[in-house]
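K.L.:
One letter stands for each residue in the lines below.
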Amino acid sequence: MELLNQVTQFVISGLATGSIYALIGLSFAIIFNSTGIINFAQGEFVMLGGVLTIFSLNVLQLPLAAAIVAAVAVTTVIGILFERLAIRPLKNATPLALIIITIGMSILIRGVVMLLWGKDTQALPAFSGTDPITVAGATLLPQHLWIFGVTVMVIVGCRLFFNHTISGKAMRACSFNRRAANLVGISVGRMVLFSFVISAAVGSLAGVIIAPLTMTAYDVGVMLGLKGFCAAIMGGMGSGLGTVLGGLILGTLESLGAGLISSGYKDAIAFFILLLILFIRPQGLFKKGETERV
Amino acid sequence: MRSDRIKFLAFALVVLLLPLPLSGGYLTNVLIFVGINGVLALGLNLLLGYAGQISLGQAAFFGLGAYGSGVLTTQFGFNPWVAMVVVALCVALFAFALGFPVLRLKGHYLAMATLGVGVIANIAFNETVDLTGGPSGLSGIPNLAIGTLTFDSDLKNYYLVWCFALGMILLSLNLVNSRFGRALRAIHDSEVAARVMGVNARLMKVQVFTLSAVMSAIMGSLYCHVMTFISPTSFGFSFSVEILTMVVIGGLGSVYGSILGALLLTLLPEMLRTFQDYDIIVYGLLLVTMTIYMPGGLVEGIPALFRLIMPTKKGSEVGNA
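Chains as they are written, first to last, in this note's numbering: chain A, 1 to 294; chain B, 1001 to 1321.
Looking at chain A on its own, in the form it has when it is part of the complex (with noise of 0.2 Å):
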């Protein structure tokens, strides 16, 4: 029975580190449908959603709400900013320049973020108190059920804009194919844009609801960043399920080894399986087909 509470204890606070997970691999997946780029800088906008949200609340004296959105709204224009001066004079770009840019950028923002706010790791409060809530033998805190709550929120936010607005199907269209897309009257630019704006805008609201949680500090971005990839690969690059259901057998495997084999190789079992999927499945777990080795 002990041993049965505490798997159940693993897999709620697997499953919510899963949903954050699937929040940063649904942005990973967003930039690379409508641009072919894998930004290797997304830990950082999750990074910056977490300590800018810190910023506002104690430097600035915002309420909670407002110090969330004005976090969120910042690293959304850092996202056009990044795509403004280090995606765009890139023309006819290999991936290995795109690699190599998106590197850059991560190591520019890590290295200012510390410049300005230093090397502490620091914790946010969590939105709801922390008074424990016990389901099924195990405990679940407020904070989980947010991130339950916000996770559900962006991804049918999200299913909703790519399904039924002209701007998502037109991203859409692009993902498909550029060219024919552009040939229709889309402006492939502006989408690519558009898609840096939501990108940021979703990795950075999982900065900050995970904040709480985990504390978070300059460097946080890279391994989140990094979790956030592996989920989407699970997911096949794609926007929908594969990556939230990804995301999920991630956090839950993770905090499962890590549990009941070794907390020090918590990190190791992700990357594992990384390359598990890579060798094995590079289409993604859950689609069906052939895709080529990209």
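Please keep in mind that the hints were generated in silico from the structure rather than gathered at the bench. A few of these clues could be false.
In silico lysine-lysine, DSBU-like type, Cα no more than 30 Å apart, as pairs [what the hints assert, rightly or not]:
#	chain 1	residue 1	chain 2	residue 2
1	B	Lys1106	A	Lys266
2	B	Lys1156	B	Lys1007
3	A	Lys266	A	Lys119
4	B	Lys1106	A	Lys169
5	B	Lys1007	A	Lys91
Based on the hints, put chain B in the right spot on chain A.
P.N.:
Same frame as chain A, now just chain B:
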């Protein structure tokens, strides 16, 4: 071909004479790291600049070399030279086996897979505390020695490291001008076309991956005997990125470019020491601006800049006279 040989001899002469006016001080120590980083960058450049395959896990092989030698000599009493050979062979086998599944991937996916290997290796260095000492590091690693000559001063280590480095530079120069090197460049331009021409692209990619891994591992062994202390932080993701930066800034597909990139990026933090943490921003800025404005790196950028400045300079000189 002949001018290549003269170029190499001139380079070797500079390397051999350089420490004499420095008389084994702090700068000699920095130049040791230029040698080590130079070979690491060179190894990655063979893979990235010539064959067009990215790796974000070079620090892992460097770390495997360092920890392999460190652990074998301190825990199991191996002779350092024997340990170095054993470790190099093991890394070669490991990289060869790893290369087949990893190098089937392309572009971003290859970058992520190699990065994953790097992160897992770094976690292993941290977690196998019994062997490696974990986060607090491994100390008491012996210096290398030949007979009664022990490499225990900066100057001796400088010549030790650079002997290896010159050897590997010579090897690389020969390699890139050989049939193998031309095949690698063909793979870079178009893997399909290379295959059609009868190049076994898959095997060649794995071979060059293995070669770059072994070069890194040997430098790792040297590093651990020079430093006599190692800890996991030296072999993390950020160091892999640093090596990548050296290659890109020096110039993709240029042997001397890698050494130049290593020289610049090893000296830079020393020069920026007064600004402490600013070097991370400088790294980022360099990577971004160089990729956008100088995609050929310094080896192409400097002559281009020279041509750009020279005419105007001449003009102003004439004006003055």
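K.L.:
Now, for every hint given, state plainly whether the structure supports it.
P.N.:
Going down the list of hints, with the structure as the test:
no., hint, in the structure
1, Lys1106(B) with Lys266(A), "holds, 27 Å"
2, Lys1156(B) with Lys1007(B), "holds, 25 Å"
3, Lys266(A) with Lys119(A), "holds, 23 Å"
4, Lys1106(B) with Lys169(A), "holds, 29 Å"
5, Lys1007(B) with Lys91(A), "violated, 35 Å"
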